[in-house]
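Residue numbers (the numbering used here), protein chains in the order written: chain A, 2 to 337; chain B, 2 to 337.
Please keep in mind that the hints were generated in silico from the structure rather than gathered at the bench. C-beta atoms are modelled at their ideal positions from N, C-alpha and C, and glycine is treated no differently. Please note that the accuracy of each hint is not assured.
Taking beta-carbon pairs under 10 Å as the criterion, some of the chain A residues facing chain B (in silico) [said to hold, decoys possible]:
1. Ile41
2. Asp85
3. Val131
4. Phe133
5. Ser134
6. Ala253
7. Ile255
8. Gly265
9. Glu288
2 protein chains.
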Amino acid sequence: MVTIKQVAELAGVSFKTVARVVNKEPGVKAYNVEKVEDAIAKLGYRPNKAASLVRKKQSDVIGFISDEISTTPASVAILKGAQDMAWEQGKTLMVFNLDPKRPNKDKLYEECLQHRSEGIIYGAMYHQSVEFSELFKTLPTVLVNCVSTHNDFTSIVPDDELAGYYVTKQLLYKGYRRIAFLNLNPEIMAAQQRQQGFLKAMQEYGIPEKQWRIDTIEQVVEGRTVNIAGEVAKQVIQEFKPDAVLCGKDLAAIKVYLVLERLGLTIGKDIGVASFDNWHDIPEILEPQLSTMALPYYEMGRMAVAQILSLITNNNKAEQPTHYKVPCLLFDRKSF
Amino acid sequence: MVTIKQVAELAGVSFKTVARVVNKEPGVKAYNVEKVEDAIAKLGYRPNKAASLVRKKQSDVIGFISDEISTTPASVAILKGAQDMAWEQGKTLMVFNLDPKRPNKDKLYEECLQHRSEGIIYGAMYHQSVEFSELFKTLPTVLVNCVSTHNDFTSIVPDDELAGYYVTKQLLYKGYRRIAFLNLNPEIMAAQQRQQGFLKAMQEYGIPEKQWRIDTIEQVVEGRTVNIAGEVAKQVIQEFKPDAVLCGKDLAAIKVYLVLERLGLTIGKDIGVASFDNWHDIPEILEPQLSTMALPYYEMGRMAVAQILSLITNNNKAEQPTHYKVPCLLFDRKSF
DNA sequence: CTTAAGAATGACAACGTTGTAAAAATAAAT
DNA sequence: ATTTATTTTTACAACGTTGTCATTCTTAAG
Chain A
2 MVTIKQVAEL AGVSFKTVAR VVNKEPGVKA YNVEKVEDAI AKLGYRPNKA ASLVRKKQSD
62 VIGFISDEIS TTPASVAILK GAQDMAWEQG KTLMVFNLDP KRPNKDKLYE ECLQHRSEGI
122 IYGAMYHQSV EFSELFKTLP TVLVNCVSTH NDFTSIVPDD ELAGYYVTKQ LLYKGYRRIA
182 FLNLNPEIMA AQQRQQGFLK AMQEYGIPEK QWRIDTIEQV VEGRTVNIAG EVAKQVIQEF
242 KPDAVLCGKD LAAIKVYLVL ERLGLTIGKD IGVASFDNWH DIPEILEPQL STMALPYYEM
302 GRMAVAQILS LITNNNKAEQ PTHYKVPCLL FDRKSF
Chain B
2 MVTIKQVAEL AGVSFKTVAR VVNKEPGVKA YNVEKVEDAI AKLGYRPNKA ASLVRKKQSD
62 VIGFISDEIS TTPASVAILK GAQDMAWEQG KTLMVFNLDP KRPNKDKLYE ECLQHRSEGI
122 IYGAMYHQSV EFSELFKTLP TVLVNCVSTH NDFTSIVPDD ELAGYYVTKQ LLYKGYRRIA
182 FLNLNPEIMA AQQRQQGFLK AMQEYGIPEK QWRIDTIEQV VEGRTVNIAG EVAKQVIQEF
242 KPDAVLCGKD LAAIKVYLVL ERLGLTIGKD IGVASFDNWH DIPEILEPQL STMALPYYEM
302 GRMAVAQILS LITNNNKAEQ PTHYKVPCLL FDRKSF
């Protein structure tokens with residue numbers, strides 16, 4: 002690899018002058034700038050970020066640790082948002098995935114430390130509560146889509162309660178009065194909070210208990226989450242005969258659509274369907290198109306980097322960690 | 002940040018001895034090892050990878066550049082595979098996404114060069130042909146899910162022709178004789194090659210032209226790809242009345258399922274459905290479960306890193322680039 | 001033409017490591 | 001006990017940058 006000194010030699014100036022040109026520092030004669038730039042182009046010189054870091058003690062790298070996140074399509078958007086923001090701010094993201102078999106967060110954190118990351122973002126697949134060791138206090142650290150069990154980190158999560166409340170209210174507002182909520186695994190915070198929002202809306206409208214029903218579409222068997230949306234949907238719809246179904250995720254809504262098609266019910270007329278996620282093409286591929294609460298993952302990713310940067314500039318001073326709840330947006334289509 | 006010298010001072014040895022302990026070099030007295038390890042623990046020392054790189058000229062970093070890949074769920078698995086393999090081999094992946102608005106591959110390549118990446122993986126969203134500048138010849142470079150327009154890079158792609166051939170043969174073998182192929186955008190290599198495989202199988206079985214039909218479920222309007230699976234599926238099924246439908250992707254299969262449910266046809270009995278992708282939970286959430294050709298993205302990601310490592314150790318010597326076609330696996334479920 | 005001030009350039013230390021070679025300590029052989 | 005061989009430790013240069021400060025070159029003023 003060609004170094005700054007080789008460039009200097011070819012350009013016939015001192016290597017410090019080359020450094021000035023490379024870093025766009027002022028005070029270099031135009032003819033020298035030209036000579037240097039020619040030499041750089043000719044030799045194909047690229048500054049060595051590592052050497053620069055050693056001297057400057059500034060890596061411009063932010064670590065991104067995720068629990069499986071980058072394989073789950075729903076929350077890939079977090080990564081994308083973080084990456085876009087990081088790039089805009091002249092930072093580079095270093096991405097690590099937890100090994101699902103031996104999930105060792107600390108090991109990855111160590112890796113980030115060795116690369117002299119300036120901060121760490123930890124992203125989770127589902128909105129949940131996660132335990133962190135003291136090690137995570139080393140650098141400015143922000144949690145996305147999860148909170149710490151001791152609430153001792155700045156976190157960015159979707160406002161699932163508000164989302165549950167809002168979509169339920171919309172259902173009620175449009176006149177639906179017998180609603181089945183096919184919720185996610187209740188161990189997940191998202192499920193709990195949405196349920197609270199759901200209940201709050203029910204209460205405000207004074208809907209009696211017999212007119213709604215909550216079931217879970219995920220079962221945890223030996224640590225693995227099993228999707229039972231199919232059977233549950235069929236059973237709930239046939240037994241309870243709701244006039245609207247609220248699904249915990251778009252994938253479950255597919256299942257509901259299929260059941261309803263088979264029963265000959267017209268979605269959006271005979272029965273309403275709503276959901277959470279707004280996952281890629283799914284809501285638009287369904288017919289009628291699915292109305293769903295979009296989870297603001299992309300925005301959350303951006304916010305995470307923004308928060309990290311703010312922590313860095315404030316020198317991570319131990320003020321109270323902040324907990325951000327990002328509102329979700331209803332994509333109002335045709336299914337209710 | 003604490004340095005090796007501070008550790009040496011506390012341990013009462015020279016900093017070179019500390020370096021030996023850190024790098025597990027032999028020839029340090031046991032009592033010194035202990036003193037050093039104590040000091041390291043007490044001070045929380047972590048080796049500075051950047052400083053190490055400057056001296057050793059070995060970054061252990063592999064660059065991963067993708068065109069939108071990490072936002073498209075189908076191929077996120079590539080990234081995961083690459084990351085797993087990299088981690089196993091003691092390498093770190095540095096991930097960059099192309100900005101879809103201003104897709105400047107070279108800029109990201111430059112970034113990797115500045116970090117002294119040892120090699121670059123370029124991953125594409127769809128199996129396609131991509132043009133690369135000379136810059137990409139700088140480091141050992143491997144393409145995943147795409148090939149270069151001049152075939153001048155080692156590439157790893159799914160064997161889409163074989164996949165198309167195989168799944169079609171399976172359909173024919175099971176007795177289906179009137180098959181509609183709802184193919185992806187024909188500009189994409191995946192679509193072209195699957196079509197070749199499809200036709201080859203048709204020919205081998207001597208199926209006359211009138212008994213099959215190929216339509217496209219994606220339209221390119223002003224650079225944007227628009228999904229028209231819905232209308233096409235409905236139209237083809239009603240007009241052509243196939244006894245089997247082969248879908249270009251699982252998402253399109255959802256659409257086909259919905260159409261068939263409405264028409265009262267029983268999938269797997271009245272009509273067969275097959276697809277490509279094996280995308281997350283979708284094939285299993287459908288009923289009957291969808292038989293689909295799984296694209297070997299995870300494996301391709303792993304292979305990419307393996308190839309990079311082999312190129313690195315062979316010093317990237319300009320032998321002919323190799324083109325790997327990875328076979329796809331049929332997940333044989335219940336839909337045909 | 002001389003001088004002073006300011007602009008441009010250069011010399012060199014420093015960053016935290018690794019690599020090399022020399023020095024010191026220990027063990028083995030005489 | 002002395003010498004030799006071996007193991008362990010240390011001193012110091014090197015890596016490619018950036019930061020500091022001294023030096024040289026320009027330009028303008030006297």
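Taking the hints in turn, this is what the structure says about them:
Against a cut-off of 10 Å between C-beta atoms, the interface hint on Ile41(A) is violated, since the closest Cβ of chain B lies about 12 Å away. At about 8 Å, the closest approach between the beta carbon of Asp85(A) and any beta carbon in chain B falls short of 10 Å, and the interface hint on this residue holds. Hint status for Val131(A) relative to chain B: violated, with the closest Cβ pair at about 20 Å, above 10 Å. Using the Cβ-Cβ criterion of 10 Å, the hint placing Phe133(A) at the interface with chain B is not satisfied: the shortest such distance is roughly 17 Å.
The criterion of a C-beta within 10 Å of any C-beta in chain B is not met by Ser134(A), whose closest approach is roughly 13 Å, and the hint is violated. Here the hint on Ala253(A) is kept, as its CB sits about 8 Å from the closest CB of chain B, short of 10 Å. Restraint check, Ile255(A) versus chain B: the minimum CB separation of about 6 Å is within 10 Å; hint holds. Against a cut-off of 10 Å between C-beta atoms, the interface hint on Gly265(A) holds, since the closest Cβ of chain B lies about 9 Å away.
Interface restraint check for Glu288(A): the shortest CB-CB distance to chain B comes to about 6 Å, inside 10 Å, so the restraint holds.
In this structure, the hints that do not hold are numbers 1, 3, 4 and 5, in rising order.
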